[in-house]
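Produce the entire structure from the sequences given, and follow the hints as far as they go.
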Amino acid sequence: EADIYQTPRYLVIGTGKKITLECSQTMGHDKMYWYQQDPGMELHLIHYSYGVNSTEKGDLSSESTVSRIRTEHFPLTLESARPSHTSQYLCASSELGTSGSLQETQYFGPGTRLLVL
Amino acid sequence: GQQLNQSPQSMFIQEGEDVSMNCTSSSIFNTWLWYKQDPGEGPVLLIALYKAGELTSNGRLTAQFGITRKDSFLNISASIPSDVGIYFCAGPTISGGSNYKLTFGKGTLLTVNP
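Protein sequence lines correspond, in order, to chains A and B. Note that the working numbering gives residue 18 to position 18 of the first sequence, counting from 1, and the numbers run on in steps of one. Note that the working numbering gives residue 113 to position 113 of the second sequence, counting from 1, and the numbers run on in steps of one.
Incorrect hints may appear among the rest.
Stated by the list, open to error - Keeping only pairs whose Cα atoms sit at most 30 Å apart, straight-line, the calculated DSBU-like set for lysine-lysine is:
#, chain 1, residue 1, chain 2, residue 2
1, B, Lys70, A, Lys57
2, B, Lys106, B, Lys51
3, A, Lys17, A, Lys57
4, B, Lys106, A, Lys57
Claimed, not checked - Output of the computed footprint for chain B on chain A, the stretches with three or more beta carbons under 8 Å from beta carbons of chain B:
#, stretch
5, 14-25
6, 35-49
Hints were generated in silico from the structure; no laboratory data involved. For clarity, every value in this text was computed on a predicted model and none was experimentally measured. Just so it is clear, CB atoms sit at the ideal spot from N, CA and C, and this is done for glycine as well.
Written out as structure tokens, the structure reads:
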């Protein structure tokens, strides 16, 4: 069973507020990811990291930012939340191994459902 | 970039029926993954396939890695109401140098009528 945690699970917040979505994993995985998903829709990669001090933007442009100061922690921040940021945010992690694609089995957290009013 | 075509987009079945869904790609994949996402939760890995032609079962679920390495299918036998959810296929694609990231299909929404 994957040990990857996200908090909060649900967040309702007003426009203009700064928010940070937390993601932690205890598996020692080097690679971590953030996906954005609207209900019933496909997953969109918005950020990823290959290790400490490494962050990259994903396929979908996002106004959020991320940081990776510790291996186990990959928080996502929105400086000024807007209603268009309403969505589910999923964090995932995988190993960085030498067998290439075989290490790409990603394990997901339970998600944070964000509603911006 | 590489895309995965997943079908059907949605399925509405009666409890007890068997279900089949598939993913195809124009590119070769070295790994195929199948995930299930329950409403309001994150995707959970069901089956991972690492070799062309591989057929793997997990309880009532069976998945196969196509021999051409460009497709995979997932079967669910004797469906039950808790099979409801969105099923995603995924495969790793190269993302700069020797790094990989996962490409996901758009999902198959399964509804099971009791």
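Against the structure, the hints:
no., hint, in the structure
1, Lys70/B / Lys57/A, "holds, 27 Å"
2, Lys106/B / Lys51/B, "holds, 23 Å"
3, Lys17/A / Lys57/A, "holds, 23 Å"
4, Lys106/B / Lys57/A, "holds, 21 Å"
5, 14-25, "violated (count 0)"
6, 35-49, "holds (count 6)"
Violation of the numbered hints given earlier is confined to hint 5; every other hint is satisfied by the structure.
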